[in-house]
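Novice: Read off the chains here:
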Amino acid sequence: MQGTGPAICLGNDIDTDLIIAGRYLRTKDRSVWAEHVFEDLDPMLASRLSGSVIVAGRNMGCGSSREQAVVALREAGVVAVVAESFARIFFRNAVNVGLPVIEASVACTDSARVAFDLDSGWVEVDGKRYPARPLSEKMVGILRAGGMVPYWRSCR
Amino acid sequence: MSTLSEAFLGAPAGEYVDREVDIAFAHDGTGVLAREALREMGVERLPHPDRLRLVFDHIVPANTGTTATLQAELREYAGVSGIALSDAGGGICHQVMSEGVVRPGMIVVGADSHTCTLGAFGAFATGVGATDMAAIWASGETWFRVPETIAVNLEGRLSGASEPKDVALAYVADLGMEGATYRALEFVGDGAAGISMDGRLTLSNMAVETGAKTGMFYADPVTVRYLADHGVAASPQVPEDSHYERTVAIDLADIVPLVAVPHRVDTVCEAEEVAGTHLDQVFVGTCTNGRYEDLARFARIVRGKKVAVRTLVFPASRSVLSRAIATGVLADIVDAGCVVGSPGCGPCLGAHAGVLGEGEVCLSTANRNFKNRMGVGGEIYLSSVATAAASAITGVITVPEVV
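The listed protein sequences correspond, in order, to chains A and B.
For the first sequence, the positions run 4 to 159 when the numbering used here is used.
For the second sequence, the positions run 19 to 421 when the numbering used here is used.
One thing to keep in mind: the hints can contain errors.
Which chain A residues stay away from chain B? Per the calculated CB distances, all over 12 angstroms, these [said to hold, decoys possible]:
no. : residue
1   : M4
2   : S50
3   : E87
4   : A115
5   : D129
Far from chain A by the CB rule (all over 12 angstroms, computed), these chain B residues [stated by the list, open to error]:
no. : residue
6   : V256
7   : V266
8   : V292
9   : K324
10  : V417
Examples of chain B residues toward chain A, derived with CB under 10 angstroms [what the hints assert, rightly or not]:
no. : residue
11  : A156
12  : T199
13  : V358
14  : G393
Keep in mind the hints are simulated off the structure, nothing from the lab.
Where is the CB? At the ideal position from N, CA and C, for every residue including glycine.
Take the sequences, apply the hints, and build the full model.
Specialist: What follows is the structure, encoded as C-alpha cells:
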C-alpha cells in the first residue's frame, strides 16, 4: 500500500474528543463527522484535510474508543495518519475502517510532501526516508482489503 | 513466570494471537455503529449471543428524537439477535458487567475504552472499536498483541481522607498519558489486599488513561467474596513472580488527596495547591466513581449540610441506586440539595444532562478532563469523591477532612 500527500503536523496526545466531539456522535450520517472533525482543536483544519497526510507526535488518538474519530478523518479525505505512537484502540479502529496508520518518528513541517509504502515499511517527508514499524500480517490484510467490512466479505 | 496477560492469552509478550472471547459488549453509542458494520458485512446470525451484551448507558434516557430512534433500532436488533439488553436506567456497561457477569480468567472485550475496569477481577478486559466489535460478534474471536506488563506495586494502607481515586491519579501522573501504551498494568503488592472491589474497579478503570490495554488485579478472597455476593462462585488466583517491564512503587500511606487540572489527566497536583478554585458544578458518578462505596462516602460528608454549588450525582447502576435507597444514603444526598440523575454515564462525555457552559468550571469524579469534553469552553478538574463532597459544601475546591 502506497500513498502521498501534503503533511498536516499535529502535536502529542491528540485525544478523540478533539478529533470529533461527543456532541456530534449521535448520528449515522458520516458527513456530520467529516464536517466537524478537529472543530475543538482548530475550526479551520477540516477544510484542509482532503488529500493530506496527518503527522502527529506521541499517543495519537488517545481517550475514547469512538470509531467516529477515524471515520471522520477518512470521510474528510485524509490519506493516512503517521505518528510516533498511537493509542491502541485508535490504531485498531483506523485499520478496521481502511485508514492507513504508520508508526514512525519523523520530523514534520506543514505542507511537506509525505509519501509512504506500507509493504516496504517506510515513510518519507520531503524526500527524507524513515523506517515504519511493521504491521502484523492480519492488519496488513485488513488494510489492503479496505477495512474490516470488505475483508470479512472477501474471507467468507 | 508469565504475567496475567501472558497466562490468559496463552503466549509470551510481543506475539500476536487469535483468541475466543468470553464476554463482548457494546453500549448505545458504539452498538449503533457495530450494528451498521454487521449489516454491511452481511452477517445475519451471531454464533454466541449468550456471550454478548448491549448496555444503554451513554445518553439515557434519550436526549433527542434522533438518539431515541437510534436506540429504538438497536433495541429491536437486541431482540432479533438474542443479545441480552440492559436498557436505560440499568447502569454503566462496566458496572453492569461487574455485578456478576465477568469472572476471573475471562477474556472480555467491550466497545468502550474503559473496559479495562473489569481487569479488577483478574480478567483480561480491554476496549475495542465498533467495527472490531462487529467482527467479534460475528466470529466469536479477535486478535490481540500480547502486551508487556508494568507492575504498580501497592504497599501499606490508605490513611486520612485519601481513597483509591487518589491512588489512580497518582499512578496516572507517574506513568503519564502514554506511559503504558500497548502495555498492561498489574496492580500487585501487599497493599492490594486492603483495597475493596469498588476501589479496585476505580484503580483498573484509569489504566487506559496511561494508554494501557488493561489494568489487572489477581483475584483474591476479596474478589471471591464480592462475586459470591453477586451469586457467582470463583477461586482466587495464585500470584506469580512475573517478569515486569518496570515497576511503579506506591506507598499507600503517602497518598494525599490529589486533583488533575485542565486539560490533561496526568497534570496532577495536591488538592491543597488548587484549594479555593471557584466551581460552577460538582459531578459525582461515572465508571470511575459512581459505585455504592462512592455514594456512601459522599453522603457521609454532605449529611446534614447543604451544597453551595450545583451538584450532580449519577449512580453507576440500578443496583447501586437501589442499595443507596435502602441504606438511606440517597436521602442524605437529596436532602443536601444535590441533583440525582438516572444510572448511566451522565454528563461525563458532554452529550447531555449537565453540559458545561462557556467558562464554567466543574470538579468531577470521572476519568477524563480533556478540553471541551463536558461542553465547549468548560474546564474540568478531576478528584476523589471525598474531595468532591467537601468542595460541594463550600463551592470551591476544598481538601477533605477525615470523617
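Novice: Would you mind marking each hint as holding or not holding in the structure?
Specialist: Results of checking the hints against the structure:
no.	hint	result
1	M4	holds (19 angstroms)
2	S50	holds (20 angstroms)
3	E87	violated (9 angstroms)
4	A115	holds (24 angstroms)
5	D129	holds (26 angstroms)
6	V256	holds (29 angstroms)
7	V266	holds (18 angstroms)
8	V292	holds (21 angstroms)
9	K324	holds (31 angstroms)
10	V417	holds (29 angstroms)
11	A156	holds (7 angstroms)
12	T199	holds (6 angstroms)
13	V358	violated (22 angstroms)
14	G393	holds (8 angstroms)
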